[in-house]
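Novice: Here are the chains, one letter per residue:
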Amino acid sequence: MAHAAPPDPPLDAQLEALHDASFGWACSCCNADADDAADVLQTCYVKLFSGRAVFEGRSSVRTWWFGVIRFTAMEMRRRDDRTLALADVRDTMTTPAQADEAILDAESSTLLRLALTRLPDRQREVLHLVFYQGLSVSESAQVLDLSIGSARVHYDRGKKRLREWLTPLFRDHVTAAGDEST
Amino acid sequence: MSEHHPNDHTDITLQREFDALRAADRARTPDFATMAARARAIADATPPVVVATSAPIRGWRASPLAWAVPALAAAGLAAVLLMPRQNADAEFETLVSDWSRTSASIRTPTDELLALPGDEYLRATPMLSTPAITLPPIDASIDPSAEMTPSSRSSRPENPS
Numbered sequence: 197m198a199h200a201a202p203p204d205p206p207l208d209a210q211l212e213a214l215h216d217a218s219f220g221w222a223c224s225c226c227n228a229d230a231d232d233a234a235d236v237l238q239t240c241y242v243k244l245f246s247g248r249a250v251f252e253g254r255s256s257v258r259t260w261w262f263g264v265i266r267f268t269a270m271e272m273r274r275r276d277d278r279t280l281a282l283a284d285v286r287d288t289m290t291t292p293a294q295a296d297e298a299i300l301d302a303e304s305s306t307l308l309r310l311a312l313t314r315l316p317d318r319q320r321e322v323l324h325l326v327f328y329q330g331l332s333v334s335e336s337a338q339v340l341d342l343s344i345g346s347a348r349v350h351y352d353r354g355k356k357r358l359r360e361w362l363t364p365l366f367r368d369h370v371t372a373a374g375d376e377s378t
Numbered sequence: 002m003s004e005h006h007p008n009d010h011t012d013i014t015l016q017r018e019f020d021a022l023r024a025a026d027r028a029r030t031p032d033f034a035t036m037a038a039r040a041r042a043i044a045d046a047t048p049p050v051v052v053a054t055s056a057p058i059r060g061w062r063a064s065p066l067a068w069a070v071p072a073l074a075a076a077g078l079a080a081v082l083l084m085p086r087q088n089a090d091a092e093f094e095t096l097v098s099d100w101s102r103t104s105a106s107i108r109t110p111t112d113e114l115l116a117l118p119g120d121e122y123l124r125a126t127p128m129l130s131t132p133a134i135t136l137p138p139i140d141a142s143i144d145p146s147a148e149m150t151p152s153s154r155s156s157r158p159e160n161p162s
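In order, the protein sequences belong to chains A and B.
First residue of the first sequence? That's 197 in the working numbering, and the numbers climb one at a time after it.
First residue of the second sequence? That's 2 in the working numbering, and the numbers climb one at a time after it.
With the rest of the complex left out, here is chain A:
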């Protein structure tokens, strides 16, 4: 005898469980600026409680909610027209070569964050959703409203550029793997 699937928890509870991931996604949409990310997330919750963002069940809660966050971040970026995160770093980057040098000179802890801000938006978003949020490429395409083929191209190109920029990290990883094997 088949058992009925347990009912989904209330939307508030699901969003609370997604809160950390939502903040990480908001950071990615705001070029790693935590303050902007907090503003975006706060605006999303206001939209939710005032009925301006309604979950209609056409996708998973996470896909829908990440779409709301991304759209809200774009709205705020257009409305405020303000310089986003790491502007001070970008101001010093007059040429791509200097930008690459600045990334390689950065601290290891912020290297990935800096590299991500240097990526085009689509590549950064796809990589974040796949590696940070653990979504598949097709789920990422759904969040970003892209075709699966387009999302895969962004994924491959972004990964290739990160590999070029994060060469020291990769070298350390290979060295560590070699030490472990010996």
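Please note: incorrect hints may appear among the correct ones.
Derived SDA-like pairs: lysine to any residue, alpha-carbon spacing no greater than 20 Å straight-line [to be verified]: (1) A/K355 x B/H10; (2) A/K243 x A/R275; (3) A/K356 x B/H10; (4) A/K243 x B/R17; (5) A/K243 x B/D9; (6) A/K356 x B/Q16; (7) A/K355 x B/T11; (8) A/K355 x B/Q16; (9) A/K243 x B/Q16; (10) A/K355 x B/T47; (11) A/K355 x B/F33; (12) A/K243 x B/F33; (13) A/K243 x A/T313; (14) A/K356 x B/D12; (15) A/K243 x B/D20; (16) A/K243 x B/H10; (17) A/K355 x B/I13; (18) A/K243 x B/D45; (19) A/K243 x B/T47; (20) A/K356 x B/I13; (21) A/K356 x B/D9; (22) A/K243 x B/I13; (23) A/K243 x B/D32; (24) A/K243 x B/A34; (25) A/K243 x B/A38; (26) A/K243 x B/A46; (27) A/K356 x B/D20; (28) A/K356 x B/T11; (29) A/K243 x B/D12; (30) A/K355 x B/D20; (31) A/K243 x B/T126; (32) A/K355 x A/S332.
Listed next, with one range per pair, are the computed distances between beta-carbon atoms [as the list claims (entries may be wrong)]: (33) B/A67 x A/F251: 23 to 29 Å; (34) A/R254 x B/A24: 31 to 37 Å; (35) A/R248 x B/A67: 37 to 43 Å; (36) A/E271 x B/L73: 50 to 56 Å; (37) B/R27 x A/V250: 27 to 33 Å.
Derived list of chain B stretches under chain A, where covered just means 3 residues or more per stretch with a C-beta under 8 Å from a C-beta of chain A [what the hints assert, rightly or not]: (38) 11-18; (39) 112-124.
By construction, these hints were calculated from the structure, which means they are not laboratory data.
From the three backbone atoms N, C-alpha and C, an ideal C-beta is built for every residue, glycine too.
Put chain B on the given structure of chain A with help from the hints.
Specialist: Relative to the frame of chain A, chain B by itself:
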């Protein structure tokens, strides 16, 4: 489920770095309860979104009789605009009917070329009362069957002359 290949060194390194990034972000994530409470307060203070289908009708437009004067004016204007068109239509119909009557009596000089000898018979209605071939009257004393059958012809006495 992620679709990247975990055995790839690039993917492994990226996954490790993104895990570190996630841990760092978690440390600075604002509290959910605080954000939700603030959002509820803002939402409660904001008037609900009402979609207005049209502006409310106020003033003189609210009275149904107020529309009578514009309606009468529009009807009068329409009548003025449509009357000349009716007169023009009637005049055109008259011209067409007059022309149709006179066109039947017009004869052109080349009409004779179309005339064929005997075509008056084609245009005339045949008279059925007069037969075209007249037969002699039938003699009632002669038996028509005796005259026509071969047997009777053979049994008749031959003329000796």
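Novice: Against each hint, give a clear statement of whether it holds in the structure.
Specialist: Status of the hints after comparison with the structure:
no., hint, verdict
1, A/K355 x B/H10, "12 Å, holds"
2, A/K243 x A/R275, "16 Å, holds"
3, A/K356 x B/H10, "12 Å, holds"
4, A/K243 x B/R17, "34 Å, violated"
5, A/K243 x B/D9, "41 Å, violated"
6, A/K356 x B/Q16, "14 Å, holds"
7, A/K355 x B/T11, "8 Å, holds"
8, A/K355 x B/Q16, "11 Å, holds"
9, A/K243 x B/Q16, "33 Å, violated"
10, A/K355 x B/T47, "44 Å, violated"
11, A/K355 x B/F33, "32 Å, violated"
12, A/K243 x B/F33, "15 Å, holds"
13, A/K243 x A/T313, "27 Å, violated"
14, A/K356 x B/D12, "11 Å, holds"
15, A/K243 x B/D20, "30 Å, violated"
16, A/K243 x B/H10, "42 Å, violated"
17, A/K355 x B/I13, "12 Å, holds"
18, A/K243 x B/D45, "11 Å, holds"
19, A/K243 x B/T47, "11 Å, holds"
20, A/K356 x B/I13, "14 Å, holds"
21, A/K356 x B/D9, "12 Å, holds"
22, A/K243 x B/I13, "38 Å, violated"
23, A/K243 x B/D32, "18 Å, holds"
24, A/K243 x B/A34, "16 Å, holds"
25, A/K243 x B/A38, "13 Å, holds"
26, A/K243 x B/A46, "13 Å, holds"
27, A/K356 x B/D20, "19 Å, holds"
28, A/K356 x B/T11, "9 Å, holds"
29, A/K243 x B/D12, "36 Å, violated"
30, A/K355 x B/D20, "16 Å, holds"
31, A/K243 x B/T126, "95 Å, violated"
32, A/K355 x A/S332, "15 Å, holds"
33, B/A67 x A/F251: 23 to 29 Å, "47 Å, violated"
34, A/R254 x B/A24: 31 to 37 Å, "33 Å, holds"
35, A/R248 x B/A67: 37 to 43 Å, "39 Å, holds"
36, A/E271 x B/L73: 50 to 56 Å, "52 Å, holds"
37, B/R27 x A/V250: 27 to 33 Å, "28 Å, holds"
38, 11-18, "holds (count 8)"
39, 112-124, "violated (count 0)"
The structure does not agree with the numbered hints 4, 5, 9, 10, 11, 13, 15, 16, 22, 29, 31, 33, 39 stated previously, though it agrees with the rest.
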